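Chemist: What follows is the residue order along each chain.
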Amino acid sequence: MKSDLSILEEFGASLAPERDHPPAEVRHRVMNGMRHPVRRPRLLSRLNGVRLAWRIGAPSVAAAAIAAALVAGQMTDIAGGQPAPPGPGAKVEGGAAALPDAGHVLLLAAQHAGATPAMDARSNQFLFIDSVEVESKIDARGTTVSGPLRTRTWLSVDGTRDGLVIQEARRSPVRTHIDGCTNGRQAQTIDRPETTPKVACTPEPAYLPGRVPTDPAGLLAYAYKIAAADPEWVSISSGSGGKPTGFVRLSDDQRAFIEIAEILYKNHLPAVQAAAFEAVGQIAGVQVRRNVADAAGRVGVAVTRTEAGTREELVFDPTTYQYLGHNIIGAKLDLNGAQVVRSPNSSKGTAHFRLGPIPKPGEVIYKSALLRIAIVNKAGQRP
Amino acid sequence: MAAVVKAAADTDAAVIRASLADPDRFAPIYDRYAAMLYRYAYQRVGPEIADDVVAEAFLAAFRGRASYDLDRQDARPWLFGILTREMATHHRREKARYRAMSRSTQETVQDGPADQVAARLVADAARGPLAAALAGLAPGDRDVLLLVAWGQLSYDEVADALGIPQGTVGSRLNRARRKVRKALGDFDPTTTKEENDEI
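As given, the protein sequences belong to chains A and B, one line each in that order.
The first sequence begins at 8 in the working numbering and counts up by one.
The second sequence begins at 1245 in the working numbering and counts up by one.
Accuracy of the hints is not assured; some may be wrong.
As the list claims (entries may be wrong) - Once the Cα atoms are required to be at most 20 Å apart in a straight line, the calculated EDC-like pairs of lysine to aspartate or glutamate come out as: (1) Lys-1339(B) <-> Glu-1292(B); (2) Lys-205(A) <-> Glu-1292(B); (3) Lys-1339(B) <-> Glu-16(A); (4) Lys-1423(B) <-> Glu-16(A); (5) Lys-232(A) <-> Glu-269(A); (6) Lys-339(A) <-> Glu-239(A); (7) Lys-205(A) <-> Asp-1296(B); (8) Lys-1426(B) <-> Glu-16(A).
Said to hold, decoys possible - Sample of chain A residues at the chain B side, in silico, Cβ under 7 Å: (9) Asp-11; (10) Phe-18; (11) Pro-24; (12) Asp-27; (13) Pro-29; (14) Ala-31; (15) Val-37; (16) Ile-173; (17) Lys-367.
No wet-lab data here; the hints were simulated from the structure.
Source: prediction; values computed, not measured.
Backbone N, C-alpha and C fix where the C-beta goes; we use that ideal spot for every residue, glycine too.
Working from the sequences, and respecting the hints, build out all of it.
Modeler: Shown next, in the form of structure tokens:
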């Protein structure tokens, strides 16, 4: 008499495909999907919350501090122009007074952003973001420090059109197409629209009110919601043979901080930026740090949050409180109270595996400095 | 030295380890397991989306390779776990598929080697009740049952693949098999005494 399992097996056999192997195009798709883009703007990694190959599988490690120098003239667009908002900021920066606390810096930054007039933008236009990046990474050939690399990004004003990133590289610029959320569908991996299936999406406007709330409490809740849905683990060391000896899960506070840094890169609506700065002030554990250089070499005051051997920094102009950019810097790895697991073993989220030594305190892992934004008609068009 | 490296490269763990630094070296994992995963996905979700879930599972595996436990030489349970998660988004569709099978008239038996035809006969008779039983299982129970019956995974491997304790594998499997046996009861009662209640 046959057992239930063997009858089930036979039933299964009757459902099996006639050919043994999946169609060749499946292999093609997988191999294409695995192809590692040479460069990718890191802050765009989670556009729309869809999975993005950019971020994944890109272990980066600090090599050495990088002296980033860029043409000073390029920076006036962002740093200049707006006067410092009136308020207590002027006093604080004036004398040898105590360092303003993070909440204070963020409040001034929010005031500055709130006072910035919104540009005219039609839904079919593009937000042009001119930026410069510095990144160190390690691969099979060793550690390489790249940058400053000029990075130009075009994002759909209403989020429904395809965007573009052009990053200068050693030989020729690298162009990456960003799939827009068109008719409610978007490539699951937005920088590889040809190789991944389309999934349902909600457009994420780059310069119109939309998914990202414009009030601090709403934006904070939004960032924490993403943080909870998409946890992140970081390897704490690598043992023999490049094998991770353990991972720590980033706290929701740290993840929310990182999420907001990403929002600041990809959404430049003044109301969103202002709300984002105020929201950061509500995250536990933020600190302030003076004399912090951004990827363009500008020195400012930073609001930071440190965890799992990494210090995330939001850099502001010390007099105008204009937002300058985002830095990721190596920090002392403090595992006090951290829960170390051997393997993330989770169906959601991302694990970052650092190959080789972990970054030393102070080493640059990544920097992105904002030079200029503008509204243009087409992706690829310069203002 | 080179010989040592070459020998070590035969295990899945060694391939995955090498791919951490050099992504191109992940390809052998696909070539080793694509057929196995494709068959399993095809059985469960059908031809229309088997391609998609298999491709996505391999890409998810690739992206998640940093979290692979390099002590495990055999990547099969890990891959089946990832595939199971990819298919989970299609569980309604899978269920609807079993429902449709349970209603459809039995297929005519095809010509072929006698043993296969005989097997088909039993399978065809069992088809409706089995499909109905599968449609009625809780997704977690169905995952365990089918990983064992169709994926040919051991209990340990199922526990590993799904990230659940072995005891849970046992209890889910018992529960699923009880339902399957109940469905089959009418034409081929196969009650055995070994089954216990849930752990």
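Chemist: Evaluate each hint against the coordinates.
Modeler: Consistency of the hints with the structure:
With a C-alpha separation of about 15 Å, the suggested pairing of Lys-1339(B) with Glu-1292(B) holds against the 20 Å cut-off. Restraint check for Lys-205(A) and Glu-1292(B): the C-alpha separation of about 15 Å stays at or below 20 Å, so the hint holds. Taking the CA atoms of Lys-1339(B) and Glu-16(A), the gap is about 18 Å. The hint holds against a cut of 20 Å. Restraint check: the Cα-Cα separation between Lys-1423(B) and Glu-16(A) comes to about 16 Å, which is no more than 20 Å; the hinted pair holds.
Using a Cα cut-off of 20 Å, the hinted pair Lys-232(A) and Glu-269(A) holds, with the two alpha carbons roughly 14 Å apart. Between Lys-339(A) and Glu-239(A) the CA atoms are separated by roughly 19 Å; this keeps the pair inside 20 Å, and the hint holds. With a CA separation close to 11 Å, the supplied pair Lys-205(A) and Asp-1296(B) stays within the 20 Å bound. A C-alpha spacing of about 17 Å is found between Lys-1426(B) and Glu-16(A), which places the hinted pair at or below 20 Å, so the restraint holds.
At its closest, the beta carbon of Asp-11(A) sits 5 Å from a beta carbon of chain B; the interface hint therefore holds under the 7 Å criterion. Using the Cβ-Cβ criterion of 7 Å, the hint placing Phe-18(A) at the interface with chain B is satisfied: the shortest such distance is roughly 5 Å. Of the supplied interface hints, the one on Pro-24(A) holds, with its beta-carbon coming within about 4 Å of a beta-carbon of chain B, less than 7 Å. The beta carbon of Asp-27(A) is positioned within 7 Å of a beta carbon in chain B (closest approach about 5 Å), and the interface hint is therefore held.
Interface restraint check: Pro-29(A) against chain B, minimum CB-CB distance 4 Å, threshold 7 Å, status holds. A hinted interface residue such as Ala-31(A) counts as satisfied when its beta carbon comes closer than 7 Å to some beta carbon of chain B; here the least separation is about 10 Å, so the hint is violated. Because the closest C-beta pair between Val-37(A) and chain B is about 5 Å apart, less than 7 Å, the hint holds. With its C-beta approaching chain B no nearer than about 23 Å, Ile-173(A) sits outside the 7 Å limit, and its interface hint is violated.
Given the 7 Å rule on beta carbons, the hint for Lys-367(A) is violated: about 21 Å separates it from the nearest Cβ of chain B.
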